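Just so you know, the sequences run in chain order A and B.
If you read the first sequence in our numbering, its first letter stands for residue 46, the second for the next number, and so on.
If you read the second sequence in our numbering, its first letter stands for residue 740, the second for the next number, and so on.
Keep in mind the hints are simulated off the structure, nothing from the lab.
Small disclaimer: the values here were computed from a predicted structure and weren't measured.
All residues carry an ideal CB built from backbone N, CA and C; glycine is no exception.
Do not take every clue at face value.
If you only want the chain A side, here are some residues facing chain B, beta carbon under 10 Å, derived [to be verified]: (1) Thr109; (2) Phe111; (3) Ser220; (4) Ser304; (5) Gly305; (6) Gly309; (7) Tyr322; (8) Ala325.
Which stretches of chain A does chain B cover? Using the computed rule of at least three CB atoms under 8 Å from a CB of chain B, they are [what the hints assert, rightly or not]: (9) 310 to 321; (10) 339 to 353.
Taking lysine-lysine pairs in the DSS-like style, the calculated list, with each CA pair at most 25 Å apart, reads [what the hints assert, rightly or not]: (11) A:Lys134 to B:Lys924; (12) B:Lys797 to B:Lys950; (13) B:Lys896 to B:Lys924; (14) B:Lys1119 to B:Lys864; (15) B:Lys992 to B:Lys975; (16) B:Lys958 to A:Lys134; (17) B:Lys950 to B:Lys1023; (18) B:Lys1023 to B:Lys1098; (19) B:Lys992 to A:Lys134; (20) B:Lys896 to B:Lys1039; (21) B:Lys896 to B:Lys1104; (22) A:Lys295 to B:Lys992.
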Amino acid sequence: MSNAMRTPAGAISVERYQGAVAEGRLRRLWNANAPGYLFLLPWLVGFFGLTLGPALISLYLSFTDFDMLQSPRWVGMANYVRIATADPKFSAAMDVTLTYVVFSVPFKLTFALLVAMALNRGLRGLTVYRAIFYLPSLLGGSVAIAVLWRQLFASDGLVNAALSQFGIEGPSWISHPNYSIYTLVALSVWQFGSPMIIFLAGLRQIPQDMYEAASLDGASKFRQFYKITLPLLTPVIFFNAVVQTIEAFKAFTPAFIISGGTGGPINSTLFYTLYLYQEAFGNFRMGYASALAWILVVIIAIFTAFSFLTSRYWVHYDD
Amino acid sequence: MTLRVNRRNFVAGGAALLSLSALGTSALAQEKRLRLLWWGSQPRADRTNKVSQLYQTKNPGTSITGEFLGWGDYWPRLATQVAGRNAPDVIQMDYRYIVQYARRGALAPLESYMPAKLNLDDFDKAQIEGGSVDGHLYGVSLGANSAATVLNTTAFKEAGVDLPTQATTWDEFARMGAEITKAGKRKGMFGIADGSGAEPLFENWLRQRGKALYTADGKIGFGVEDASEWYDMWAKFREAGACVPADIQALDKNDIETNTVSLGKSAAGFAHSNQFVAYQAMNKDKLALTNYMRVKPDSKGGHYRKPSMFFSVSAQSKAIDLAVDYVNFFVKNPEAVLLLDVERGIPESAAMREVVATKLDENGKVALAYVSGLGDLAGKLPPPPPAGAGEGELMLRNIAEQVGFGQLSPADGGKQLVTEITQILARG
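In isolation and in its complexed conformation, chain B is listed as follows (with noise of 0.2 Å):
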């Protein structure tokens, strides 16, 4: 809904028009500029900007013009746009909706450019396969990311709690969140986040119990027993107050603005490591990176590494090999990774995070120090998730808030949820 276009973009993009008109058509026109499409904050778009414009110095001729929008609004801009046979050249694209836009003839094809346009060698091998669908390349990852838990320190402090360890169990955890609750420090504050409706924490939570939230030929990965366990647990954590009540989590959208610890409601809440950095801008006290909990001490951690997001070049681009060597510039370009920083995640390729590395702020550090410790806590990445998971998120959410509500107990929340994403799926 709300188009963000900078000054400096605006002119950009008149610049092109003008130069477009003065040129005419020309297929050489076309060949010497790029359409980019992404998701994110002003921050992210002002350090991709001018990762374009380093390119465009490197590379005279060359035009390249940017578009960004939030989450919500990004998604249905784009399939308008690959619908309207009008895609940008390089799309952000994420692991959710990889397999649905390869699949439906979107996206190009990029393993017959590596490795002489596009050179990968250096990358974590699991996040290339991550990029891939039935065996193509169709998405070059632009960072590691891993899910998190987010700490108010200072919150924890001022209560006499302990921060947690790499070894705390959801037990003890509760246990925490409801002395810092009972401690009372600061008006409205409660312990943790409620995260029963959160999926990257309940995904966490089955893959250290052996599950998975969907299997790899697109099933449900879980029963019914599991997912009323894990309502109930919120449950029992909602009655102790050892997190927020539902009517406190409600008001999170799901993004970093809205999260109960960016609000001052929780002193603990759930996050991506990525977002470390803009956590941290919008929250006076000191914050802080942690895993999700353990159920058991002596169980494995459900973390992965995920690609954070990709870059693809649309099938539908005239310009496929230029975008190629846009989207290698952009990872293998030392210039340009150090213009990113962490922002999109920690660089896949090994050099690059050296690069990185040494130059990196204190809350850069944290997230690359957060990713790279996680250790035995980490495991394979999941299969991309199938068709109606989006649906599926919405649906967890849904439950945990009539659970969370009173309205469900947790037995029938767990059944409902197992009925609904079986459902789901079905209908595709």
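Chain A extracted, bound-state conformation (with noise of 0.2 Å):
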């Protein structure tokens, strides 16, 4: 301002000197960049439209009372009250997802690394192997696998009649309330697919002449996965472990389709998604429903950061 205020009359002022460069700059940039935007444009549409907007009516929503029917009424931190002192299906939920959350992820990764490795091994037809353990994964959101794992896991079920081939008769493992959670798990775990594939690109960046050194040294195989594989594979690791983790919070289809709905038996596969849709579209409380989401963000929040602080003490970046 001061400036602006000693610049001789005539002169062009440094602000609109700067003004007019500025301005210059953003119309190349904006010519430069157009086409860009208007390809992105279909995805700002989308991100605005149909993922931020949501949310934010979602944050509003959750502190009203809504039945879809009428319009909210504002309860203020009513919603979040009852969740935290008198929801006993809240806790029910919580633990089930946290259960599942506990034992799917690590078993997923180890055996995603395990498979990859094997795969990593110059196998002929690679590329054939790498599509059909893939595969899995593409199929397992489908509702159609969700109910050929019911068939399976069913008292007269495949896995029953393999157990009946040693002489164990097995329960009916998805419609008991000690076992079904983890034949959920167990669903999760064989659609290992997408994290291997990233081991297997991340096996593939070790450099080979570790190895070579390593067993001129006379290492054995397991201390060369011990302490070269594994520590190199750390980036890795954490990226699979914090997106697996992420999405087994957000675990919904095979628990709707296999309980249909109920979260049964006695709220053994009451996933924490399961119970926020029976709030929302079986008894109409969307507005307790959003709190349950925003729930859910802050814990998937807490936990990926929990992540991120703990990496730096065992994630090793080559460079």
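With the hints as a guide, bring both chains together as one complex.
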């Protein structure tokens, strides 16, 4: 401001000069990038219209009582207070979901890593195997697979037929509260394809000469894995762990199909998202369900932040 | 989740869109177009679409598009459409939800159209009342229906056990079930389904004892003692092998396909009379329908004729007159009624009952004979369930499973059920 006042008459002010330059740069930037933004437009519309917008509306709704037929009524913190103090189903659903996360993520990642290492050994027809192993992940989220799983683990299903060959009489895995959650864990482990592909890419990045040097020094295969593969793979493990944890928290379809939307028997498959769905669309409590959704957002954020904070103690970046 | 639109529907929808774009969105086009939404299976959709076509040929210039979903997916869809001001004109409505939708202004009151445009003169009076809320008519009943026991007569015969009659009590029925299980004629088949978590069955049992699920003012209609005794009765059945064990019953997702009778896990199970045709289609053995058992030999039956479903008209509809005319056609036109058969229940109109009775096939006759032969077993229609009834139903089943898997004693189960339902109702 003070600069401009000292400018002699007739001369262009610093601001105007800078403004003109900036404007020109903007226009040039725009000219250069307009096609890009044009191509981005569908995504932008989708992001603001279908993701950010609804998310903000749900944040507002979480402070209301909304049955979808009448307009929402402001209730302040009441929904959150009920979740925290007077909702036994919330804790039941949390329990089931945490069990699922704690069991499914490590098993799935271990399994994915083992398969990736097997596939990494220059197998003939590797691409075919990769495709085959990836297939369950593509199908896994679908309703048909959940139905198939139901058939496999029913009391007279294939699993028990196999067990009976060894004289073991298995229970109805999917309909017994002690086992049902683990059949869902098994279903999730079976869908190991996407972390496996990422592990495979990670394994390819490890320089072969390290292994050669190690074997010349007489290091065993196990020692090579422990001292070379694992440390160099930690960034990939970290990435997979974070992504799979978030996925596990959001799991919905298998529980919905296998329990018929009830979360039964006895809430044993009442995933958090399933409970949220029941409240929203079964009991028409959209406001309460929105509050549940935001609690889930916060929980996932805490888990992810925790992973990032601890990562510097165990994730090694080469450079 | 699964939206099923068959090819004919799709073509019809496409045609409607085309004609709409041709006409523009003029008021005239709006008044001649109807959207329908219902839940049910493909056979129901085929029947419904045929009626819509018949209506279009009789009323040139109208176009009717229909969409259908399974029961579980239906209610989320409807609620979303109503909230989005995009409700279909004609809505299939259930007794459980009619109060909720009517009180919130989503449905159009229809009594002003009677009798000129909507002629329900020869309807059962009780069924007209069943579609009324606060003195207004919000739903036209599409058929009568009653809860029923489904029997696999072949399995009964194989085990050498006589079929239950209208006079059979629960104690006798349990003995029959245990005999069938013990006979072991089929691998993995038990006598009867475990009905401890089935709401219609519990309600029937309560009504025989002079109680109810819910009172007219939306309060809980039974006590701890009733609920405990109920769970205890089934615990004894389970112990005696009269009914399937808990992990088999848990396979039942409350639909026809996963009922223990359809799965071949029990010789008897619990259903609704209008589902009989579908049950028989799914089973190679010969099935039969009978009433729920009696609590005591002299106790009154707890049955009632329930409107299987209604047609309601959306309050948001721009073509209410046309919608009312369509609904009237649906329940009063003989040709339409013949197309519909008894798939949605026995017609409420006496004249239409006669029309349909002459053409019924054997399975349809079973359902008709069952509902009209209930006699003193049928009582008054209970008041529409209050908001929260859906949660109450899940709770009955949840606690039944806890008792079934031995995690809870029947006495504690009864206590918990009453506490939970009271809380659910208070929350609304």
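query: Can the hint on Gly305 (chain A) be confirmed by a CB-to-CB distance to chain B that is less than 10 Å?
result: With Cβ-Cβ at 3 Å, under 10 Å, it holds.
- prompt: Does Lys958 (chain B) pair with Lys134 (chain A) here, judged by a C-alpha cut-off of 25 Å?
  reply: holds, 22 Å
task: Count the residues of the segment 310 to 321 of chain A whose CB lies closer than 8 Å to any CB of chain B, then report whether that count reaches three.
output: The restraint on the segment 310 to 321 of chain A holds, since 3 of its residues have a Cβ under 8 Å from chain B and three suffice.
query: Taking the least C-beta to C-beta distance, is Ser304 (chain A) closer than 10 Å to chain B?
result: Holds, because the Cβ-Cβ distance from Ser304 (chain A) to chain B comes to roughly 8 Å (cut-off 10 Å).
query: Do the alpha carbons of Lys896 (chain B) and Lys1104 (chain B) lie within 25 Å of each other, as the hint requires?
result: Status holds; Cα separation ~22 Å.
message: Can you verify the interface hint for Thr109 (chain A): is its Cβ closer than 10 Å to any Cβ in chain B?
response: Interface hint status for Thr109 (chain A): violated (13 Å vs cutoff 10 Å).
- prompt: Residue count check for the segment 339 to 353 of chain A against chain B: does it reach three with CB-CB under 8 Å?
  reply: violated (count 0)
task: Quickly compare the C-alpha distance for Lys1023 (chain B) and Lys1098 (chain B) to 25 Å and report which way the hint goes.
output: Given pair Lys1023 (chain B), Lys1098 (chain B) holds - Cα atoms ~24 Å apart, limit 25 Å.
query: For the hint on Ser220 (chain A), does the least C-beta distance to chain B fall short of 10 Å?
result: Ser220 (chain A) check passes; min Cβ-Cβ to chain B is 4 Å, inside 10 Å.
message: Hint check: Lys797 (chain B) vs Lys950 (chain B), CA-CA at most 25 Å. Holds or violated?
response: violated, 49 Å
query: Within a Cα-Cα threshold of 25 Å, do Lys896 (chain B) and Lys1039 (chain B) meet the stated pairing?
result: At roughly 29 Å apart (the allowed maximum being 25 Å), Lys1039 (chain B) and Lys896 (chain B) break the hint.
message: Does Gly309 (chain A) hold up as a contact with chain B if the rule is Cβ-Cβ below 10 Å?
response: Constraint on Gly309 (chain A) satisfied, holds at 6 Å.
Hint compliance for this structure: hints 1, 10, 11, 12, 17, 20 are broken, all remaining hints hold.
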